[in-house]
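**Student:** In our numbering, the protein residues as written are 1 to 68.
No lab work stands behind these hints, which were simulated from the structure alone. Small disclaimer: the values here were computed from a predicted structure and weren't measured. A portion of the hints provided could be inaccurate.
[As the list claims (entries may be wrong)] Subject to a maximum C-alpha distance of 20 angstroms in a straight line, what follows is the list of computed SDA-like cross-link-like pairs (lysine to any residue): (1) K33 x A23; (2) K33 x G9; (3) K33 x L43; (4) K25 x F15; (5) K33 x S58; (6) K33 x A14; (7) K33 x I64; (8) K33 x D11; (9) K33 x E62; (10) K25 x G55.
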Amino acid sequence: MDHVSEICGSDAIAFAREIIELAPKIRSQILEKLCHNFSQINLARVYRIALWILGDYSETSEQIVSSV
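Kindly generate the complete structure, drawing on both the sequences and the hints.
**Tutor:** See below:
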C-alpha cells in the first residue's frame, strides 16, 4: 500500500470520527456503513480507529452484534 492511500484512509476515518461526534442524528447511518465496510480496511491505523469508533458509539444490540 502506498503512502497516499495510507494518508487518505487516515483522513477518511478521522473525518468519520468527527462527524459521528458532532452530528448525532446521522450517527447510526455512519456506524452502519462502517460495519458494512469494516472487512475491507487493511491499514492498521485505520482499523484501530474504526474499532474504537464502533466500540465507543455503538448503542443498540444490533449495532454491537453487527460490529463483531
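**Student:** Which hints from the list above does the structure break, by number from lowest to highest?
**Tutor:** none
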